[in-house]
Amino acid sequence: MLIESMPWLEKLFNSRFWALVQKEINQILRNKQLIILLIFPPTIQLLIYGYALNPDVHNIKLGIVDYAHTNTSRELIAALTKNRIFLDQKYFLREVDLATEVEKGGITAGLIIPPNLSRNMAQDKPTEIQVFIDGVDANQAGIASGYLNQIFSQFNRQLTGNLTPPLINPQAIFLYNPGLRSSWFFVPGVLGVVLTLISSLTSSITVVKEKDLGTLEQLLMTPAIAWEILFAKITPLFILLLGDVVLALSIGKLVFKVPFQGSLFLFFFLSGIYLFVGISIGIMLATLCRTQQQVVLTSFFINLPMIQLSGAIAPIESMPTFFQYISLFDPLRHYVAITRGILLKGVGLEVLFPHAIALVLFAVVLMSISVNRFRSQLS
Amino acid sequence: MQRIFSQCIKELSQFRRNRLTLALAFLLPLMTLIIFGFAIRLEVKNIPLAIQDLDNTPLSRAYIERLFATNKFIAPNEQVQGYKAPEVLIDRGLAKAAIIIPSGFNAQIKNGKASPVQVLIDATDTNNARVINNIIQATTRAFLRSSKIQPILDKIIPKTRIWFNPGRRESLYIVPGVYALILWVYPSLLTAIAMVREKEQGTMLQVYASDLSATELLLGKGLAYLIVAIGQSLCIMIIGAVIWGLKLAGSAMPLIFGTLIFTADAVAFGLLIGVRASNQNAAIQVVSLIGFLTALLLSGFIYPLSNIPFPLSLVSSIVPARYYIDITRDAYVRGTGWAGVWFSFGMLVILGLFLFNMARTGLKKMQLL
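Here the protein sequences line up with chains W and U, keeping their order.
Per the numbering used here, the very first residue in the first sequence carries number 35; after that it's consecutive.
Per the numbering used here, the very first residue in the second sequence carries number 211; after that it's consecutive.
For lysine-lysine, the following BS3-like pairs were computed, each having C-alpha atoms within a straight-line distance of at most 30 Å: (1) U:K409 - U:K575; (2) U:K323 - W:K159; (3) W:K66 - U:K574.
Non-contacting residues of chain U with respect to chain W, defined by C-beta distances greater than 12 Å in every case (computed): (4) Q212; (5) C218; (6) Q289; (7) Y418; (8) T425; (9) L470; (10) G556.
By construction, these hints were calculated from the structure, which means they are not laboratory data.
Just so it is clear, CB atoms sit at the ideal spot from N, CA and C, and this is done for glycine as well.
Using the sequences and the accompanying hints, generate a full structural model.
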């Protein structure tokens, strides 16, 4: 195949475009800062996101006031703490002490077992047990109270000796992530975040630098035309950024054991398109700004909403409706849907096509805007 | 003293003249507040739930009705066709969960035997997978009890109350956290830029040559940006109160003093980065990377701090934002006051002194005197 396309290759190697590409490659290889930028921030971000963000609800600090002091009350405490969802942090003698400890934030949940528990048990009467949960963390409180009810109802069945299981028995199967490992949710999302940040930053820096130094005018004096200059800039960067995709993917695979269920080819194809989106955003920023500093600062205005509305960190479905509609105009949202789809769900284009089409549209529109702006600035 | 103030006034007038930094100082915090404050919600409402009822009896239909009566679920846009696998809907993202009721469901239960019901949950979002599972389990128990199919005489009845935030409003949890994020990142960014600009433009050498000491220079610059940061905090807290109806739950004193100290910490962090970084880009990148990562991820802003694993949890214990979040959440939700936050307050003071001292020694090395 290589031999067949030899004349074509030769033409390429002798072209002006290729000369410009070589110039860019040399420049990039000499720029240590850029290489560092391509390797370290993505690695650190992936590791911290993957490890630090964890919605698990376990080891909730439980304060206990046990007025009953019977077998039953101790069994109840054991039932609550045995799955490590609750942790019997501290025992109190009075309710007041328990309440102050919750107010100080020392414990997150409280359990008050009344003195009449044993008498009620003997007379077969129900006993009310007070439980409270610190609602500051609304999400955790909701999940914890769900667990609590589940544990209580199991415990009740044990008490009554009613060993027939509940007649309707919902058996939950967690698809795509059976172990409910939170890193599997965050890593594919953060992969998109990292690519957005790094591709827009590096592309804008390489363009602005030339503007900063005034060498862009010199390039313009040469017979090279605008698109040749621009694409010569993009090509090596694009290849390096693909290297970042590989880097991020291997961190996900090796460190977090994130599965890869779908097609590798499709993943790289769509990632490539997404890189074009990121690169065009960077070039657009570069045409808007005069200095590197301005580029980085204005990129905040674009990157922040892009990341927050993408669903990489908080699910899109729980945003207010208005923000859900806005998020449709966020290319990162579509890319995150694609990475999660391919990595975790293992679905292909038949499911992902709306997102893929959206990405292509974004890439085409943004690229033509930035090329146009670049050209008009040159002339 | 006089020299500190004149340094501060000089800095403020420079700050006012640069339109980009002005925008950065007030527009960006506002945008961040609105986006984070609205878009970060963890609990999904209106979960599309696919149903495959292979039994189709009054009992199974009553059960399904009961599930939808929780108002947590909605029917997906497409229904499961006959005997086809409902996973397809989950694959395509049309449904977040599916319930498969087997044929013979009614007959089994009427005979007093347990009938399994398969629940498929999309676990790409692990947090919501748990929430969905909890809702289904709880609703099933409630259904068994209320429909008198399996009357269970509960011997102990939990009376659960959620304290401080009985409606479980997520904005009460998220917005006070956003304050910490904003007041950490932007004041430190502005300060670091101002510091490095002086170096880049070479005016720093003039300062070195003057008899202004490192401490005086840093205090003067720091004071100027502390004033800007106080302006930012007033601005975002007033707007936050208007949009999300946040009200102080207790005394305002811990919040006021905590905010002062925390913004001073942020400014000190900016000074430190400014002293260390050689150019503005490096400064901005370091502040935005470290600042955002620590304040967003290692501060307990989204998920509980206790879930951060060991080596990282050490890092998180020196992140000032985590202590400030304690203070803001206490001020807006718990309302305990000093008794609950004195430790966080003390940590903020210690970390602030530490950051300032590092910046001072860093600058001293460069000065001749």
